[in-house]
Structures are given as C-alpha cells and as structure tokens.
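Protein chains in written order, with the numbering used here: chain A, 35 to 505; chain B, 2 to 486.
Please note that a few of the clues may not be correct.
[To be verified] In silico PhoX-like pairs for lysine-lysine, Cα to Cα no more than 20 Å straight-line:
{"hint": "1", "chain 1": "A", "residue 1": "373", "chain 2": "B", "residue 2": "280"}
{"hint": "2", "chain 1": "A", "residue 1": "402", "chain 2": "A", "residue 2": "358"}
{"hint": "3", "chain 1": "A", "residue 1": "239", "chain 2": "B", "residue 2": "36"}
{"hint": "4", "chain 1": "B", "residue 1": "92", "chain 2": "A", "residue 2": "431"}
{"hint": "5", "chain 1": "A", "residue 1": "431", "chain 2": "B", "residue 2": "280"}
{"hint": "6", "chain 1": "A", "residue 1": "190", "chain 2": "B", "residue 2": "92"}
{"hint": "7", "chain 1": "B", "residue 1": "423", "chain 2": "B", "residue 2": "479"}
{"hint": "8", "chain 1": "B", "residue 1": "92", "chain 2": "B", "residue 2": "231"}
{"hint": "9", "chain 1": "A", "residue 1": "504", "chain 2": "B", "residue 2": "479"}
{"hint": "10", "chain 1": "B", "residue 1": "36", "chain 2": "A", "residue 2": "198"}
{"hint": "11", "chain 1": "A", "residue 1": "504", "chain 2": "B", "residue 2": "280"}
{"hint": "12", "chain 1": "B", "residue 1": "92", "chain 2": "A", "residue 2": "199"}
{"hint": "13", "chain 1": "B", "residue 1": "92", "chain 2": "A", "residue 2": "193"}
{"hint": "14", "chain 1": "A", "residue 1": "358", "chain 2": "A", "residue 2": "321"}
{"hint": "15", "chain 1": "A", "residue 1": "198", "chain 2": "A", "residue 2": "239"}
Since the hints were made in silico from the structure, they are not lab data.
Treat the numbers as computed from the prediction; the structure is a model and nothing was measured.
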Amino acid sequence: MPAKAKSRKAARARVSSGHKGSAAADHRLGASELRRIAEKIFRFSEADETEVDVSAVTSALTRFANNTIHQNVAEQGISISVRAVADGRTARASTNRTDDDSLRRVAAAALELAQVQPRNPDLLPMLGPQKLKKVNRFAAKTAAATPADRARAVAKICKMAEEKKQTTAGIFSTGISEFALANSRGLFEYYEETRAEFSVTMLEKDSSGWAKASSANINEIDCEALAERAGQKAADSREPREIPPGHYTAILEPPAVLDLVGFLFYDFAATCVRDQRSCFTGRMGRKLFGENISIWDDVYHPLQLGAPFDGEGMPRQRVILVEKGVPRNLVYSRSSAAKMKAAPTGHGFSLPSEDGEAPFNLVFSGGKASTEEMIRSTERGLLITRLWYIREVDPYKKILTGMTRDGTFLVENGRVARAVRNFRFNQSIIEMLASVEMMGPAVRASGEESFDMVVPAMKVRDFHFTEVTKF
Amino acid sequence: MKHIADSAIEKALAGRATYADARVMDIRYRDISTKNGQVGRCSEGESVGIGIRVIADGAWGFASTDRLTPAGIESCVSEAIAIAKASALAKRHDVVLAPEQPFVDTWQNPFVKDPFRIPIESQIAVLLAADAEMRKVKGVTLAEGSMSFRRIEQLFVSSIGSAIHQVKMQSGAGIVATSFAGDEIQKRSYPNSFGGQHMLRGYELVEEMDLARHAPRIAEECVALHSAEKCPEGTRTIILDSSQLGLQIHESIGHPIELDRVLGMEANFAGMSFLTLDKLNSLRYGSEIVNVVADARLDHGPGLGTFGYDDEGVPAQRTRIITGGLFTGYLTNRETAAAIGQSRSNGTMRTESWNRLPIIRMTNISIMPGDRRFEDLIADTDDGIYMETNRSWSIDDRRYHFQFSTEIGWEIKNGRRTRMLKTPSYSGITTEFWNSCDAICSREYWTLWGTPNCGKGQPMQTMGTGHGAAPARFRNVKVGIASSE
Chain A
35 MPAKAKSRKA ARARVSSGHK GSAAADHRLG ASELRRIAEK IFRFSEADET EVDVSAVTSA
95 LTRFANNTIH QNVAEQGISI SVRAVADGRT ARASTNRTDD DSLRRVAAAA LELAQVQPRN
155 PDLLPMLGPQ KLKKVNRFAA KTAAATPADR ARAVAKICKM AEEKKQTTAG IFSTGISEFA
215 LANSRGLFEY YEETRAEFSV TMLEKDSSGW AKASSANINE IDCEALAERA GQKAADSREP
275 REIPPGHYTA ILEPPAVLDL VGFLFYDFAA TCVRDQRSCF TGRMGRKLFG ENISIWDDVY
335 HPLQLGAPFD GEGMPRQRVI LVEKGVPRNL VYSRSSAAKM KAAPTGHGFS LPSEDGEAPF
395 NLVFSGGKAS TEEMIRSTER GLLITRLWYI REVDPYKKIL TGMTRDGTFL VENGRVARAV
455 RNFRFNQSII EMLASVEMMG PAVRASGEES FDMVVPAMKV RDFHFTEVTK F
Chain B
2 MKHIADSAIE KALAGRATYA DARVMDIRYR DISTKNGQVG RCSEGESVGI GIRVIADGAW
62 GFASTDRLTP AGIESCVSEA IAIAKASALA KRHDVVLAPE QPFVDTWQNP FVKDPFRIPI
122 ESQIAVLLAA DAEMRKVKGV TLAEGSMSFR RIEQLFVSSI GSAIHQVKMQ SGAGIVATSF
182 AGDEIQKRSY PNSFGGQHML RGYELVEEMD LARHAPRIAE ECVALHSAEK CPEGTRTIIL
242 DSSQLGLQIH ESIGHPIELD RVLGMEANFA GMSFLTLDKL NSLRYGSEIV NVVADARLDH
302 GPGLGTFGYD DEGVPAQRTR IITGGLFTGY LTNRETAAAI GQSRSNGTMR TESWNRLPII
362 RMTNISIMPG DRRFEDLIAD TDDGIYMETN RSWSIDDRRY HFQFSTEIGW EIKNGRRTRM
422 LKTPSYSGIT TEFWNSCDAI CSREYWTLWG TPNCGKGQPM QTMGTGHGAA PARFRNVKVG
482 IASSE
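So here's chain B without its partners, still in its complex pose (with noise of 0.2 Å):
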C-alpha cells in the first residue's frame, strides 16, 4: 500500500498540486441474511482502490481508481489535478486549511474474535434458529435476521508527511419478527432496527447478543400489537429506550452541528442547519442535565464512529457539543474550522471507500449519563408513554421539525408501566424538545448504538455512526399525530 500512496503524492506535487493526500483502501465484507427458514442472501467480497485528493491553483480536486498499478496512478493524479484546476474556474478565494502536524502511526481496534474466522455455516445456523424461534409464534408472517462484516484496512498518506496505516473491523446482526392481519402489518426488532447492533467490535458482538432468546420475546410482542390500544393523539410526557433516544441524537444534533451544512456546502442535497454561527456558546439547546459529546476516541467505546485518525490525517478527538444545555461545538473539519477562525480540525472527515471523497461525518454523538435508575423514572411518572425501537424517522432541511415513530410503546399511569400501545409517535421543534428533557438514566443503562445507514453528499455516501444514550424523559411533547385522521 505504502509505495502506491507514496507515488500518487509525488506525482500530485510534482503536477505542481500544492497539497495533496491519498487513501488506499482494502475493504472486505461478507452479509448473511435469512428469511423463513430459508438463506437469503449469503456473499463475500473486496473492494481496493485509492482516491486522491489535491489541491492545485488553489482549488480541490479528488480522483480515484482501482488501478493500482503505476500507470493506473498516474492517470488518476492526472485526472485530480485537471479536476482541481477545473473547479478553479469558477472559485471565489483559495482554499485554507486549519494546521494540523504529520503523524506517522498504526492503529487498530481491538476484537476477540475475526468473524470472518468463523464458518459461514455457523453464523448462518445462528439466524435460523432465532428465525424458528420466531417462527413458533402463532401469527408471525415473516421472520427475518441478518449479519454483516467489514474488515477495512486503510493508508492515509499525505504531502505533509503523514503516514497512518488503520485496521476497522466491524460487526453486526439483528433480527425482525413481522405479523400481518386485518389491516394492519407489525413488526417488532432485537435488538435494534436497521438490522440490529453494529459496532467496531468481533463476532463476539454477536454472540453476547444471544438472538435466539430474546426471538421469543419480539415474536409475542409483535402479535399483541395487533391488539393493543392505538397511542391516543395529545401532549404527554413521553419515555424514550435507549436506542431510540440514540436517533434522535443522531437526526436532532448530530445532523445539525455539521459545520459544511451550516455553511451552505449541502444546502442542494442534505439541506442547511438551524444552528447559525451566531449560536455557538450562546444557544440554550437543551435543560441543563443534557451534555452531549462528539467522541471518536476508543476511550467513549468501539461504535461506528471511534477510529484513530480521520480521512485527512487528524487525531480523534472529544468535542463538547452540549455543555450543561449551553450550545459549544460544531463538528469541523480541517477547511471549515479555518473558515470560523478556529485553530484545529475536530477531525470528523470521513469517507464511505475509496471511491468516495472524505467529507464531515458524525463520529459517535453520544449524551451523557445521567443520575436516575431506569425503574424509578417509571415509578416517577404519573402519566406518560413509554416508547421503544424506531420505526420511522422524518425532520425537516434545517433540523427544526421532527416526527418519530416507534414500534412499540406502554403507557405509564401512576409509577406503573401499563397497557401496551401501538403506533406510537412524537413529534416537535428540535431545541424545544430537548430542552424538555428532565431526566436521564444512568450509566448503568447507557448503550454505545451504532447507525450503520447515515446518507449525505453527492455523489451519496453511507456511513457508519455511533450514538451512546440512556433512556430519558422529556415533558409535554405532542404525541399520535403520525396516524391522525
């Protein structure tokens, strides 16, 4: 990998670029998925290549190919440079870039077990048994789990002298009980939607997750659904599980405190953000227990965002995003955090492969823990709607407005966790809502999540997030109103 890097940065400068960085990547994966019974999908498969990245009359250029072979890279260099000196036709200033040190280091995130050392035959043994678990439930129409691995090994290597070989590997797995009748079609999650948990961890992930034991659980809650009390339409208090509260991060702040969209760079396509420059250290986002984190280190845990260095060379951070419900941080980049004055990239430049230009990313945005037993928030609600597993997700081009629904919920009358209701929902103004937030649930109860499906840019790329949370309670929030007539 080290001497095709090497090359394109020597060519890069050589055709007079005045930066450049190149990311060659070996990504392998491997997805099983099954489906009543029967193997649905089941494939391995590679992808390497190396995208290249200059800076020349002042402008961005980015090229890639999986030619790896010297002719190969020297076209690609040709083609980035030609690209830049293109966009500088129709440029308003040079590109800056905040400073940032070379770094020449190694880094990989520790596993117990390689899940591609395990036999595909067992993996796909563990999937039907949950799926039969699921299927022993009288009502359940279609039951479904998957798995699926990335092992992917990357060399950043720029003309600042940085050389930063990463290894990531990450799993997951989930299964999804389905029952249609009547009119209506239900479906209950393990132990997440979007196919489950992921996270940079091994197949022990999978193991810990035991699918087949809780397959029962999901199965039986999916068919009372059919007959439980549809969520009543109103202003309640409401509950939220850990993951959900994990999206609502992710839709509500994680999106928003992106500083290419505060500054118009996804205006066409991801749409703007309600946090104007203005708000930095003076918004009050949340109530004062809400302390929200942008943390790529392993230190927060091994989510979807932990890593080493970022897709342009700068070192994991920590970033307080929320302080004590104050507004204090956005996620930056080397470029943007230039453009606000600030000294340093947070470093969240992430790239989908090496197809894809590195662009801000959500590292993990996780909430803090707070102080309350999960049992006693129950026992201190006197009415309220206990939520649980997203099912659908909406909020407007500037993070104002959401609605989310959830596959599940119970009310709570007096300190008690009551009925079963189905179709739950909420819906509200993003600072309004968290600065509703009156409680939250302790360590104890505080999950790392991983997103493995967040879209942004054009050309689109998918990418792996992660969001840490506990389960919190936020008043008056307007409830029903998804499946209102």
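Same shape as in the complex, but just chain A (with noise of 0.2 Å):
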C-alpha cells in the first residue's frame, strides 16, 4: 500500500496512470489535513459556535454481466459541511471546494441560514473533546487494490461460469473513506476505513443463484467460493416448479434473516418512539420476541465497521435493544436524552436532523444449528436464499412484504427436494421473532435492504407466503 498521504499534492503525485502494476489510487488527505480545513472555517466563522464535517472517499467499483465486464468505475471527492450556532439557532452549509474563498463563503452561509430560523429550545452547546475508544477498520491491501486487480478477479469467475455453461453479474469494489469531525469547543474526531465487496449472480436458462460478502480486508473475500456457491445455487434451482401460497416453515439464509430484521433499526431510535411511529411504542419492556432472540447495537464487535462517534461527536456506547425477546432500552442522541430525561448512547445524526438517532450496527445473538440440521429438522418448509424489493405495509404491526429471489427451494422430510417458483410474502417481523425454531451462528451478512449486520440463520415457522410470480 502506498504510505499515508501528508499532502493533497503528494497524495496526486500517486494516482496511477497504467493498469500493469500500478498503484490504486489513494487520494487520501490524512487527519492533519482534514483538521487544517476545520480550523481554516473556525477562523472564518462568526457564528457563537461552530462545527465541521469533512468527509474524503476514494472508490472504484467494477461491474460484469453476460461474463464480460461492462461498468467500470472510479471516484475520488471531497465533502465539508459546516454548522453554525447563533443565538439558539442552528443550520448547516456544505461544499466540495476547498479554497478559502469557498470556505468562506460555506462559513458565512451557514450562519445566515441559522439566523432566520425560529429559535430552538432543545438546541444543546456543542460537545468538548471526548475520549474515544480505538477501533482499525483499515486494510492496506484493501486500499492498494488496482483496476487490474479487480479486473482479474472477475476474469477468473467469468471464466468459470463459462466452464459451467452459466452467464455471470456482479460487482467487485474496493474504496478508502475518511472523516473528520471538528468544533470550535475544541473537539477533533478523525476515523478512517477501507472496504471491500464483492456480489455475484449465476444464472441458466430458468434459473439463478446468488452470493455476497463484504469486508475492511479484501483478504477476507473469497470471490471464488462465493461465485461457486451462486453457480452451485443455480444449479439446484433449475425448472423450478410452481406451489401453492400459504404458511410455511421457512429456513431463511443469513442474507434473508438482514434484509428482514434491517427494517427494525429506526423503531429503536429514541426520537421514533416518542414520535409515535415505532413499532416499540408502548410496547417497551414486555415480550414481544423469543426467548432466544437477543439484539444489540456495537460498533466495535469485530464483524462491524464504522466510526466509535456520533454526528455530534460523542462516544458510541455498546446498548442492549432486546434481552430475551423483550426490548429493553433504545439508542438516543444529546437531545432525544434530554427529553426523554435518559443518558445519551453515541447514536446521534449530525444536526440539524428531525429523525434523532439511530443504531447502524446491530448484532443479534445467533445459535449452534448449522443450515444442515434445520433442513434435517424439517418436515415440510421452504428454504430461502435471498429475499428482494422489502416495503413496510404495516409499520406498527410491522408487516413487511417482498419477494424471494434467486434460489427458492421446497423442503420436504428432511432434505431438499426441489427448486420452486419464486413468493410474495407479508409477514409481521413481529411475529417473526417469536417463531424462530433454530439459529445459527450470527455472521456479517450483506444484503440489497439493509446496511450489513450481524445476523443467524434461522429456522422460522408459519412464515406467511402470500402469492407466486411466474419464475
């Protein structure tokens, strides 16, 4: 990996220009220069109090279908947003240029918005410098990956769904993100991180087969196995047949379990329940889920990524949500704390924002069952691969409809017997929770509807399947 960048300019003086061993390109500006920004707007500021978000990312992102990639894609850019506090009133500025004239300007703007507002009476003193506990979320070789890299990663799984007579889609990306948050109380907040992802569909002629992992460490990214895995998938899935709707037993794969129980994270947000619209409301303390179903929000388990600060800077705090099946407490900001007379958990948005907080870095408790022996377990169930295009129908009773995709296969006596036609479903997650049989460990699962957590596979029973599509 190159070495940290000092400068803007040395930074540029890395940038690559062939792909034959070439160097990714790390546009980089390093905490020193991120904190030079802040301090250049503090003294361009003339507000009480001011605070500034600056964000630098670097990413590439490499697109196949039809076994061949079509989409190639490289950014680099800068973010800096500045909040300005006058008289108990509050607003934020933003650009991407970088030249005094333009800070100034961004300074002078968010000022003039904060001075129109009505005054806030829950507007709170921006926070001092804070301690933070240490988390490394950044991989060098994830960082040095090249366009040629990646280009040859895909190259080898387009090579093997040729072998196998399978058309391949996908995506490989790899990208730098850092950020920094600044006040003119004094507080410096800098976190950076690398991340990796890779995604692959096969597909036949009536069938298909998925996969997906991400990561801080391409390292950790086996993009063969998971293109063996969708092929494999697609495989097994052919001339799948139609059955009919209805309640059954699914065992829902981890990607599955995620984009579900993802629709859950706002409900947990202090601001959600005093506004009435979370499916926690009034409900907090009794048992709603399974005994064996307990939920957590921690940004330093060692499967998560993200900064250990809030939009306000305040040290994220591990929170239990739910303790065997009873949720328990929620995430809160500064102010939803304030008002709701609780102590403040590290969830906070950057401000201004009427949404509050939220957790984005859940973890739920898993079991010892391997996919296997809740197949085994099984008299009659239906075992789902991936689900797609999830809405909320009822956000109290959280009803939630979608689609299964991608491999969808009938259960039958302990094993599985055949590929089926794809569902809608409209399923109470609610409900859901109370009906896990079995679990498996939890793992980082990546889906399409939800950011990555950590979540099992489970066993679920009475899944309410409502209606079949045509494939």
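Both chains are sitting in their own frames, so use the hints and assemble them into the complex.
The following block contains the structure:
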C-alpha cells in the first residue's frame, strides 16, 4: 500500500497512470489535512459556535454482466459541511470546494441560514473533546487494490461461469473513506476505513443463484468460493415448479434474515418512539419476541464497520436493545436523551435533524445449528437464499412484503426436494421473531435492502407466503 | 466549465482513447423540513466536479473527481484510461455505439420564481403554517412538511464534437399527517407521498400547491382512517388515482422497458425483465386503450424526466412504448441500441451527479389520457374500490408480480363513492393487470407526477423520473391480501 498522504499534493503525485503494476489511487488526505480545513473554517466563521464535518472518499467499482466487464468506475471527492449556531438557532451549509473563498462562503452561508431560523429551545451547546475507544478498520491490501486486480478476479469468475455454461453478473468494489468531525469547542475526531465488497449472480436458462460478502479487508473475501456457491444455487434451482402459497416453515439464510430485520433499526430510535411511529411504542419492557432473541448495537464488534462516534462527536456505546425477547433499551442522541430523561448513547445524527438518532451496528444473538441441521429437522418448508424489494405494509404490526429471489427450494422430509417458483410474502417481523425455532451462528451478512449487520440463519415457523410469481 | 471539459477530452484522446466524453456538473441544493411546529432540517449546499467516460482497448472506463485543476483533470483522465484497459482484461467484444450527431447547444427549463431567491424564512413559514393546520385536528400525533430545490448546471463535451450546456431547476414540496391510536399508525400525504410533488419548475409550483389549505383535509382523513372498515379481501374492480397510477407505471412499465435490464446488465442488483427481445411489437401489454410514451421533451411537460439532451449527448425524444395495448419500444442508449440493431439511441442516459456513470433511466413515462370524466367513471362503477396515494410498493426482479398499498380507499357501490376503507392494497401480474384496464380519465384529470427517489445501478444512483397519469379503472383485481391473516 502507498504511504499515507501527508498532503493533497503528495496524494496526487501517486495517482496511477497505467494498469500494469500501477498502484491504487490513494487520495487520502489524512487527519492533519482535515484538521487544517476545519481550523481554517473556524477562523472564517463569525457564529457563536461552529462545527465542521469533512469527509473524503476514494472508491472504485468493477461491474460485470454477460460474462464480461461492462461498467468500471472510480470516484474521488471531498465534502465539507459546516454547522453554525447563532443565538439558539442552528443550520448547515456544505460544499466540495476547498479554496479559501469557498470555505469563507460556506461558513457565512451556514450562519446566514441559522440566523433566519426560529429559536430552537432544544438546542444544546456543542460538545468539548471526548475520549474515544480505538477501532482499526483500515486494511492496507484493500487500499492498494487496483483496477487490474479487480479485473483479473472478475475475469476468473467469468471463466468459471463459461465452463459451467452459466452467465454471471456482479460487482467487485474497493474503497477508502475518511471522516473528521471538529467544533469550535475543541473537539476533533477522525476515522478512516477501507471497504471491499463482492456480489455475484449466476444465471441459467430458468434459474439463478447469488452470494455476496463485504469486509474492511479484501483478503477476507473469497470471490471464487462465493461464485462457486452462487453457481451451485443456480444449478440446484433449475426447472422450478409452482407450489401453492400459504404458511410454511421458512429456513432463511443470513442475507434473507438481514434484509428483514434491517427494517427494525429505526424503531429502536428514541425519537421514533417519542414520535409514536415505532413498533416499540407502548411495548418497551414487554415480551415481544422469543426467549432466544437478543439484539444489541455494537460498533466495536469485530465483524462491524463504522466510526466510534456519532454526528455530534459523542462516543458510541454498546447498547442492549432486546434481551431474551424483551425490548429493553433505545438509542439516544443528546437532544432526545434530554427530552426523555435518559443518557445519550452516542447514536445521534448530524444536526439539525428531525430524525434524531439510530443504531447502525446491530448484532443478533445466534445459535449453533447449521443450515443442514435446520433442513434435516424440517418435515415441510422452504429454504430461502435471498429476499427482494421489501417494503413496509404496516408500521406498527411491522408487516413487510417482498419477494424471494435467486434460489428458493422446497424442503420435504428433512431434505431439499426441489426448486420452486418465487413467492411474495406478507409477514409481521414481530411475529417472525416470536417464532424462531433454530438459529445458526451470527455472521456478517450483506444484502441489498439493509446495511450490513451481524445476524444468524433462522428457521421460522408459519412464515406467510401469499402469492407466487411466474418464475 | 468549457476549458476544463475540453482539456479532459484532449488528454483522453492523447492517451489513446477512441471515444471520450466529459460532464462538468455544478449542483446546488436547498432542503428544509419541519416536524410538529419546529424546523427539522435546514441546509444548503453545492457540489462541483467532473466525470470522464472513455473507451480504450475497446472497453469502458469512467473516473470522476472534484479536483478541477489541470493536475486533477490529468490524473482523472489517466485513471479512466487505466480502468478501461483493465476492463479489456475481461471483454468479449469491443464496445460499439449507435451513431449520433454532434450538437452544440444550450438548454434551460423555464421557471417563474427562482426558489433560491425566495427568503428561506418565508419557505419555513409556509411549512409551519401547514404544520399548525394539521395539528389543530385532534388525533394527529405527527405533522411533517418538506421542501427541496435543486439547480443542476452541466456541460457535456464529447470527442464527436458535442458541447451541450444545460440548466435544470427543480422544486418539490409536500406535507404528511400521521396518527397513532390503538394498534395502528395511519398516514395521509398531500399532494403525494415521497415528499409530495416534484417538477422541473420554480417556486411557483410550491405556491400553487397551497399546502395550508389542504392540511386540514388530510389531517381529518388520517384520524378518520382509524375508525374506517378494513379493505376486504377478494377480487374487485378498482379505480386508482393519478398519483398511484403514476407509480404503477413506474414499476410495471418504466423499469421492465429498460433495455440494459432486458440484456442482463442489471441482473445482479435491480434484476432483469420479462420483456425479452421477442416480445417487441408482439406482446399485448395492455388493453387497446392503453397508450404509453417515454417523452423527455419539454412539450410533454416540465417533469423530472425532462431535458434537452441526455447524458451522452442524444437529444430528448418521444418514444412510443405501448401503442393501442401493443408493446412497441424500449428505453435505449447508444450501446444497447446498437446491440439490438437499432439505428439510434432514444436518449435515456442519465446520471445522478458528476461522480456517477450515466445509465439508462426512465425519462417521463406517461400513460396518455382517455376520454372519461372522473365523476362519470365512479357513476359507471357498480361495485369497486377507489384507492388514493401510495403507501407501499413492491415488485419482483423481472417485474411480473407486484403488490401496492395506498393510504386511503373508498368503496364504490351502485355508482357512488361510499364508506372509507383503511389499509387498501392490490396485487397482480403486470400484463394481466394492464389488460384489465377498461377506462382512463381525460386530459383534464391528467397530472405529470414526479418520483424523486428512483434507485438503480451499482454504485446506487437516485434519479427523478416523471409519470403522467389520469385516474383509471381495472377489472378483476386481487385486493386486500397485504393484510390478510
């Protein structure tokens, strides 16, 4: 990996100019450069208090379909966002220009916007310096990945597909992001992380399979194993037959669980409960889910990514949200904590925000069962690879609708009997989490409807599949 | 802007690109929201940068940067070419583009009032006035309002000689009343869900909405929904309001006609399409009264899919998608048009920002008006359900099977709108549904709705699309299954 850039000029000098043996384009600015930008804005600002968010991103994504690379992109950019406070009022202005005139202008714009607001009685003074727990989510190998590295990996997957007479599509992405939060009371916090993601679909004439993984470390992503898995799913789901909809035992692989339970995340926000639009409104402390369900938010979990501080700079805390089926705690911003007589948990959004806060690092308790054990113990049920286009039908009963996709199988008498056509479901997540019979170990799962979380595979009784589609 | 874009093209061609285009974009935005009498979000911002797309070694590369200095442009071009050469490591054939003419032009959508020149305090006051009206209604537990404005200035330059300067001014606003009681959360929005109505217009659009005047009605309906009967389960005649029909068009016509989906390019994420190539000019998509166009021209209206040229320099066009019920057209770009042997792209390449690759996107996908008055349509219906304002939406990854819920419904009995219904929902198979359409209201009831939140692509891009629609009637539709036990 290239050394950390000490200045923008140095970073620019290392930009790759050819694909053979070239280094990745590491445009990182580093903590000192982000601090320098923030301090310049503090000098330009005439607000009572000033807060500066600076984020910089370098990312690249190689996209393939029909056994070839068809889109291949890279992005480099910075965003500077300034919050001004004037006489109990606050507002935000942003730019991606870094020259002095632009920084002076964005500081003035934030102040002007703040001055015309109604006074906000809930506004708290900005935080002073905080003590943060360290996390390391920067992997040199990921930062060093080149377009040629990604292309060579994809070329192997395309070859695998051709050998199996399958068609492949997917993405392989790598990126670096860095973020600094500073304010005029002396707070300065910096976070950097790398991220690699590989997602692959294998298609046959009447079937498909899918697999996906993400990590800070590209070395932890086995593209060929994921493609092998997707290819096997596609082969196993040939000639799907239609079976009637109804209530079935469902064996949900981790991505399917993730994309369902991901819809719960904002319900754990104190502001959401206070606004009476959470499914936990009036239900805190009552047994809602099965005894086997515990959920917490934990940015420090080894399978999680993300900064250890929130939008105001509060250190994030590990919070037990659900304990043995009982919703116990919510997450709080400083403002919602003050209103609800609780302690802030370090989950607040950047201000001003009407949404308050949310947990983004959910971790579910798991079990010890393997997917094979779940299948063996099932007389009649459905094995679900992945779900798609999930939307909320009823926010208080927490009924979601969506489709199965890329590998749906009938399980009979303890074995996978055959592939079946995809179903639509309408299912309450509250009822689902009260009906979990078996769980696998919690793993980092990637889907398309939710941010990545740590969840197990689940065997759920009486999952409600309501209609069948044509494939 | 011009010298930056020109230098990118020169450098790309010098770097042995066989084709190059560059988009310099300067995007300015203002977002305001209110909740229960307080300002929620209030922010302004700008984002400026360049996206450079090249073909080298017969393959695509794209890179973007906000460093608009000579060195920044040079490294961005080098990166785009390096990426194209890497793409060539896994190519099956060279990229071929349908021919296109070079254009040197400027285009701007007309508007009356620049929303960025309206004092922000007066915009906040408009939202707070509507907020107060909603909260006057007992039972409303949450009153919310929002406005958003975008000014997108862009210069497109390409190696075939195009230089196209465009400015798009976009405005939107809406309000929502929410009521929690018992074990229900009910919600009503005006003039639509998804933050209301959005168009390529100025602040006059927001003024015409008259949010405060409509606030009491939606608040009262929201609270009344708690005591309404639940939408029955069964097979019924339904009439959809124009905003819900707009979303039905978006999901079950707009997405499946994207030719990149049809050709498998979106198979990993957004999915594919049931509209395989053999269905062009042969599939009976809908009944004979169903006529749908993709129309990006200003003549069609100032929709979120209106522009002068698309993001690969192809002029805005009108394409017949469904003609008298027959499927007659896809959304194409220069590459996919060539792939299926068509002589020209119909101009649907669009990008969210300077840092995203243009991809095929809906423009304004609209159903053409019919000949019925809305009152006559109700009077002509013996037994049905009228559904209004989308609440949830879902469709499978080939766009066959859908399910929609709306915020509110009314039962129609013997030609009259009768009792209110809560949790209305309907579901079906795309072609069966459109073939069951037997009446569409006339131009007087037709609205060009804006959908500001259409997601597609990897990395994900959010795009605004337009959908002109008038209320329409459909027979033998499955209803009520979303909340069945």
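Going down the list of hints, with the structure as the test:
1. About 59 Å separates the Cα atoms of residue 373 of chain A and residue 280 of chain B, which puts this hinted pair outside 20 Å; it is violated.
2. A threshold of 20 Å between alpha carbons decides the hint, and for residue 402 of chain A with residue 358 of chain A the separation of about 17 Å falls inside it, so the pair holds.
3. For the hint pairing residue 239 of chain A with residue 36 of chain B, the CA-to-CA distance comes to about 51 Å; that exceeds 20 Å, so the pair is violated.
4. Restraint check: the Cα-Cα separation between residue 92 of chain B and residue 431 of chain A comes to about 49 Å, which exceeds 20 Å; the hinted pair is violated.
5. Of the supplied pair hints, the one linking residue 431 of chain A and residue 280 of chain B is violated, its CA atoms being roughly 41 Å apart against a limit of 20 Å.
6. The hinted pair formed by residue 190 of chain A and residue 92 of chain B meets the criterion: a straight-line CA distance of about 12 Å does not exceed 20 Å.
7. Simply put, residue 423 of chain B and residue 479 of chain B have alpha-carbon atoms about 16 Å apart, close enough for the 20 Å limit, and the pair holds.
8. Between the alpha carbons of residue 92 of chain B and residue 231 of chain B the distance comes to roughly 55 Å, so the proposed pair goes past 20 Å and is violated.
9. Between residue 504 of chain A and residue 479 of chain B, the direct Cα distance comes to roughly 16 Å. Compliance with the 20 Å bound is thereby established for this hinted pair.
10. Among the hinted pairs, residue 36 of chain B with residue 198 of chain A is inconsistent with the structure: their alpha-carbon atoms are about 56 Å apart, more than 20 Å.
11. Taking the CA atoms of residue 504 of chain A and residue 280 of chain B, the gap is about 16 Å. The hint holds against a cut of 20 Å.
12. With a CA separation close to 17 Å, the supplied pair residue 92 of chain B and residue 199 of chain A stays within the 20 Å bound.
13. For the hint linking residue 92 of chain B to residue 193 of chain A, the alpha-carbon distance of about 11 Å falls within 20 Å, and the restraint holds.
14. The hinted pair formed by residue 358 of chain A and residue 321 of chain A meets the criterion: a straight-line CA distance of about 8 Å does not exceed 20 Å.
15. Pair hint residue 198 of chain A plus residue 239 of chain A holds up; C-alpha atoms about 12 Å apart against a cutoff of 20 Å.
Checked against the numbered hints listed earlier, the structure breaks hints 1, 3, 4, 5, 8 and 10; every other hint is satisfied.
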